[in-house]
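*Asks:* Here's the letter readout for the chains.
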Amino acid sequence: MSAIQNSIFTPETAARFDKLATIYPMKRSALVPMLLYAQDELGYISEPAITEIAKRLDLFDLDVRNVMSYYSMLRTKPAGKYNIQVCTNISCMLRGGYEILDHCKAKLGIGHKEVTADKMFSLEEVECIGACCWAPAMQVNYNFHDDLTTVKVDDIIEQYRQGLGKDVK
Amino acid sequence: MPDVSFTVDGKKLTAPAGTLLIEACKTAGIEIPAFCYYPGLSLQAACRMCVVRQEKVPKLQTACTTPVAEGQVFFTDTPEIVQARKATLQLLLGNHPLDCPVCDAGGECELQDMTFKYGAADSFYAEPKNHREEQKWSPVVYFDRPRCILCYRCVRMCGEGMDVFALGVENRGSSAVIAPNVPAGLAPDHLNHVDCEQCGMCIDACPVGALTSGTYRYKTRPWEMNHVATVCTHCGDGCKTTLGVRSTTDGAEIVRGDNRDRSGINDDFLCNKGRYAFDFANHADRIQQPLVRKAGKLEPVSWEEAFTHIGKKFRELRDAKGGDSFGVIGGNRLTNEEAYLLQKFARTVIGTNNIDHHRTADHVTFAQALIGHKDRTASLRDTKTAKSILIFGGDPTNQSPATAWNLRTNIRNNGAKLFVVNTEEIKLRRQAKAFVRLAPFGYGAMAAFLNGDDASGPSAVSNVEALAGFRDTLKATEGLLILIGSELRGSELKALIEFGLTLPGAKFALLSDYVNSKGAADMGLLPDMLPGYTPVGSEIFAEYKAPAQAGLGLLEIFDAAAAGSLSALYIVGSNPVLRYGVEPASLKNTFVVVQDLFMTETAVLADVVLPAANLYEKGGSVTNHYGDLQLVKKAGDRAGVRTDFEMIVRIADKMDAHIPTLIPFGKGLRADMGQTRGAQSGEADRHAVWLTAQNLEPRLSPFDPFAILDEIQRLVPGYDILRLQLLSGNDQHLEPAASQPLVQIGARRDLVLPSGDTLFTSGTLGHYSDMLIDLQQNSRREQLPILDQTAAD
Numbered sequence: 001m002s003a004i005q006n007s008i009f010t011p012e013t014a015a016r017f018d019k020l021a022t023i024y025p026m027k028r029s030a031l032v033p034m035l036l037y038a039q040d041e042l043g044y045i046s047e048p049a050i051t052e053i054a055k056r057l058d059l060f061d062l063d064v065r066n067v068m069s070y071y072s073m074l075r076t077k078p079a080g081k082y083n084i085q086v087c088t089n090i091s092c093m094l095r096g097g098y099e100i101l102d103h104c105k106a107k108l109g110i111g112h113k114e115v116t117a118d119k120m121f122s123l124e125e126v127e128c129i130g131a132c133c134w135a136p137a138m139q140v141n142y143n144f145h146d147d148l149t150t151v152k153v154d155d156i157i158e159q160y161r162q163g164l165g166k167d168v169k
Numbered sequence: 001m002p003d004v005s006f007t008v009d010g011k012k013l014t015a016p017a018g019t020l021l022i023e024a025c026k027t028a029g030i031e032i033p034a035f036c037y038y039p040g041l042s043l044q045a046a047c048r049m050c051v052v053r054q055e056k057v058p059k060l061q062t063a064c065t066t067p068v069a070e071g072q073v074f075f076t077d078t079p080e081i082v083q084a085r086k087a088t089l090q091l092l093l094g095n096h097p098l099d100c101p102v103c104d105a106g107g108e109c110e111l112q113d114m115t116f117k118y119g120a121a122d123s124f125y126a127e128p129k130n131h132r133e134e135q136k137w138s139p140v141v142y143f144d145r146p147r148c149i150l151c152y153r154c155v156r157m158c159g160e161g162m163d164v165f166a167l168g169v170e171n172r173g174s175s176a177v178i179a180p181n182v183p184a185g186l187a188p189d190h191l192n193h194v195d196c197e198q199c200g201m202c203i204d205a206c207p208v209g210a211l212t213s214g215t216y217r218y219k220t221r222p223w224e225m226n227h228v229a230t231v232c233t234h235c236g237d238g239c240k241t242t243l244g245v246r247s248t249t250d251g252a253e254i255v256r257g258d259n260r261d262r263s264g265i266n267d268d269f270l271c272n273k274g275r276y277a278f279d280f281a282n283h284a285d286r287i288q289q290p291l292v293r294k295a296g297k298l299e300p301v302s303w304e305e306a307f308t309h310i311g312k313k314f315r316e317l318r319d320a321k322g323g324d325s326f327g328v329i330g331g332n333r334l335t336n337e338e339a340y341l342l343q344k345f346a347r348t349v350i351g352t353n354n355i356d357h358h359r360t361a362d363h364v365t366f367a368q369a370l371i372g373h374k375d376r377t378a379s380l381r382d383t384k385t386a387k388s389i390l391i392f393g394g395d396p397t398n399q400s401p402a403t404a405w406n407l408r409t410n411i412r413n414n415g416a417k418l419f420v421v422n423t424e425e426i427k428l429r430r431q432a433k434a435f436v437r438l439a440p441f442g443y444g445a446m447a448a449f450l451n452g453d454d455a456s457g458p459s460a461v462s463n464v465e466a467l468a469g470f471r472d473t474l475k476a477t478e479g480l481l482i483l484i485g486s487e488l489r490g491s492e493l494k495a496l497i498e499f500g501l502t503l504p505g506a507k508f509a510l511l512s513d514y515v516n517s518k519g520a521a522d523m524g525l526l527p528d529m530l531p532g533y534t535p536v537g538s539e540i541f542a543e544y545k546a547p548a549q550a551g552l553g554l555l556e557i558f559d560a561a562a563a564g565s566l567s568a569l570y571i572v573g574s575n576p577v578l579r580y581g582v583e584p585a586s587l588k589n590t591f592v593v594v595q596d597l598f599m600t601e602t603a604v605l606a607d608v609v610l611p612a613a614n615l616y617e618k619g620g621s622v623t624n625h626y627g628d629l630q631l632v633k634k635a636g637d638r639a640g641v642r643t644d645f646e647m648i649v650r651i652a653d654k655m656d657a658h659i660p661t662l663i664p665f666g667k668g669l670r671a672d673m674g675q676t677r678g679a680q681s682g683e684a685d686r687h688a689v690w691l692t693a694q695n696l697e698p699r700l701s702p703f704d705p706f707a708i709l710d711e712i713q714r715l716v717p718g719y720d721i722l723r724l725q726l727l728s729g730n731d732q733h734l735e736p737a738a739s740q741p742l743v744q745i746g747a748r749r750d751l752v753l754p755s756g757d758t759l760f761t762s763g764t765l766g767h768y769s770d771m772l773i774d775l776q777q778n779s780r781r782e783q784l785p786i787l788d789q790t791a792a793d
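Taken in order, these protein sequences are the chains called A and B. The first sequence runs contiguously to residue 169 in full-length UniProt numbering. The second sequence runs contiguously to residue 793 in full-length UniProt numbering.
FYI, nobody ran anything at the bench for these hints, they're computed from the structure. Every residue, glycine too, gets a C-beta built ideally from N, C-alpha and C. Careful, some of the hints might be misleading.
To be verified - Straight line, CA to CA, 27 Å or less: simulated DSS-like cross-link-like pairs of lysine-lysine:
1) B/297 / B/654
2) A/55 / B/312
3) B/654 / A/55
As the list claims (entries may be wrong) - So the derived list for chain B, only partly shown, Cβ under 7 Å to chain A, looks like this:
4) 115
5) 117
6) 118
7) 119
8) 169
9) 170
10) 171
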């Protein structure tokens, strides 16, 4: 039995949210994880998601928006099916991160935070993703790809385009 | 807290331990600039302007978050500090536009002052400024994003101060922006809006011109106005409001309302009505000429003709049909002096007790129930300091916003305990320790239950067991402040007060609707009560030689008119035809004189209409519903209108009344009437200002309200006024108590009719305030259930 009637989330996520709201000393501490899970499920954080999360945590919609807008990894618009995040932080930059990013831009025909027309790919330039040892690196959804070259990137994108790429949740 | 001593800039200071350094310095006259610090709100330490050097501490400290302790040594004015503050200003000016010449805040802007002081106008930042268009968040709140310095005062003011939480901060770093609660994506016009109480406190708190007011923006500059501190005419709290006034071709226009000197009973608070709803005074529909009905039509005439006509008719009708064929109705926005004069005119010149006003709460029973008890009535100031408060009925958030503000401040800063008893889920229940939701019309039963009648518990609430515990809690509370809504009247009100009187130190206040509702009752605009709730026929007012029988009440006056036995009706600043749904045809055989600002539903039926000045256009005093007396000063002016005071006197004069008896003027000190100033001398009352400045008592004119104030002070029980306190613009609490009990509480007809005003209405006056009408429409448009949501924990 979900704490919220007619939740917009799947029963599993709704149950997860019910629990999340109970495990912190202050209810609102569950806000950021909830937003992340909501984004994983919906692909972005929609207005109904904001309203429901606010309701779950006894917050105003405005409070949720305040927190959400602080974090650049939380989106309010849908990303592509595969969200490519290219790191251009120090290690990656020194090892050619910007070339990888430019290559992706040219290859997909989209820029930072844009989505391809077929909604298959979206592209983001991100800060350190913690893969400095194998720079340059990028993330496709939650899957890491490292030691990149432009050739390797072409291959990865092709794999995903054909639906053969690894997609972990 | 024990006092500690510490050193600031070589000066030894003492303050209670834990005082914030910035406050301790303010007390000692050392200025520490700050943008984000606002007394009474939570600490932010966001602006870094208040940095000081503390000895033995490696980094600069923010004075707004440093509590003082024994032996500390601070430096606030060294070159190091100056440089730090200058750098902060340069950062702030990195994106702040230099549009001071057009900005509303120019001239009273904290950033401007500080830039001037620290000379930070040349910035090292050469990057282009990030400009954004201004946004209209509501009819009264505008946001100029580039001017914002992100001090978060507005966010805290709205959340903590107002308990509305309509503003927040979105994004971060240099993209951070103050965001309202209706985002563009959800608004039908795809623009940001704010869904709130429209109090304008965010504008007030804004240290720069980022938030500006819809009524004032781009109209004038602060130094081009005269600033007059007077009392707001709208709700019963009677907040002090400072009106910015500018000369126009036909008088003086009010352009701004705010509370810039913060010296009133409302401290730093002012709601939307005090701030914006002065615009009725400038309304195009103001009557500016006396009108007399000729051949069925109201025609403009000269003042002389109007007064002569009224005087002649009143005299003839009085002599032919007797004073008891007259009815007199006063208003809730008249000054005390006018209300007193009106009832004195009715009782002595006309010779009738048929006088009443639109009663918005049962002040008579309230006064009678407290006979013989001293110090039992509360002042508005008590709502800021009381340790525990019970709100029994009423909805201060909507009806008396300053009371609600004080309660929230008291609860937040002093940990006061609030108990709420109401039939509705009023907003203040969110701050309440206990909320008792009554069944509809359950106030009487609840009052009886508290008073010991256990049998009436079930008709008040469903859960009676909890109710007994609630009663025990109240009984164990010392110094309880009991705020009573206008729902309680007669015996129910009496029962509640009887209960309260058993609690040691409990104080009471009865909340009503307009600025001088209590004053009107205190001054005896009642058929059965002389001023000070003295029963008619009392010895105190023997000099009146007035009839000793109670007269007709407001409804009875109209019944008499319908029966054809009312020869004349004199209505001063009231609109009973609309308020009580009077049948217009019932007045066809009555000679009706109306003094009002507008052609109201009542005025259109009149035989003579006299254009009246409103409360912002006259002097005198008013008493708010707590019994706090305050001075009203003339701010605006409008050609062709006269004060109700002057009109009553002139009508009395045309009735051949003996004016020195009506107005005790001409006695006392002799004053310079302008002889020494030659040709510029004029009418006596115009020189009141000059005379006051010369320490002369200007009581030589029959139009001087202070002449009547002398009599009020002499005769009205409880009105022992401290003149100096009044004249210096301070409030004083009065306890007008009935001198002897009256028996027939239950027998009186219940004439109380609360106005039912909300945040955006104000009786008939509200119909003529374009800004209030705009806000009503706006609040219907924004249909977000914001106020139903609970606050963040």
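*Asks:* Give a verdict on every hint.
*Replies:* Hint by hint, here is what the structure shows:
1. This hinted pair checks out: residue 297 of chain B and residue 654 of chain B have alpha carbons roughly 24 Å apart, not beyond 27 Å.
2. Annotation: proposed proximity of residue 55 of chain A to residue 312 of chain B is violated, straight-line Cα distance about 70 Å (limit 27 Å).
3. For the proposed pair residue 654 of chain B and residue 55 of chain A, the alpha carbon gap of about 69 Å is over 27 Å, so the pair is violated.
4. The interface hint given for residue 115 of chain B is violated, since its Cβ lies 30 Å from the closest Cβ of chain A, which is over the 7 Å cut-off.
5. At about 33 Å, the closest approach between the beta carbon of residue 117 of chain B and any beta carbon in chain A exceeds 7 Å, and the interface hint on this residue is violated.
6. Hint status for residue 118 of chain B: violated, given a least beta-carbon distance of 31 Å to chain A, over 7 Å.
7. Residue-level restraint check for residue 119 of chain B is violated (minimum Cβ-Cβ distance to chain A is 35 Å; threshold 7 Å).
8. For the restraint placing residue 169 of chain B at the interface with chain A, the shortest Cβ-Cβ distance is roughly 6 Å, inside the 7 Å limit, so the hint holds.
9. Checking residue 170 of chain B against chain A: minimum C-beta separation of about 4 Å stays under 7 Å; hint holds.
10. Look at residue 171 of chain B: its Cβ gets to within about 5 Å of chain A, closer than 7 Å, so that hint holds up.
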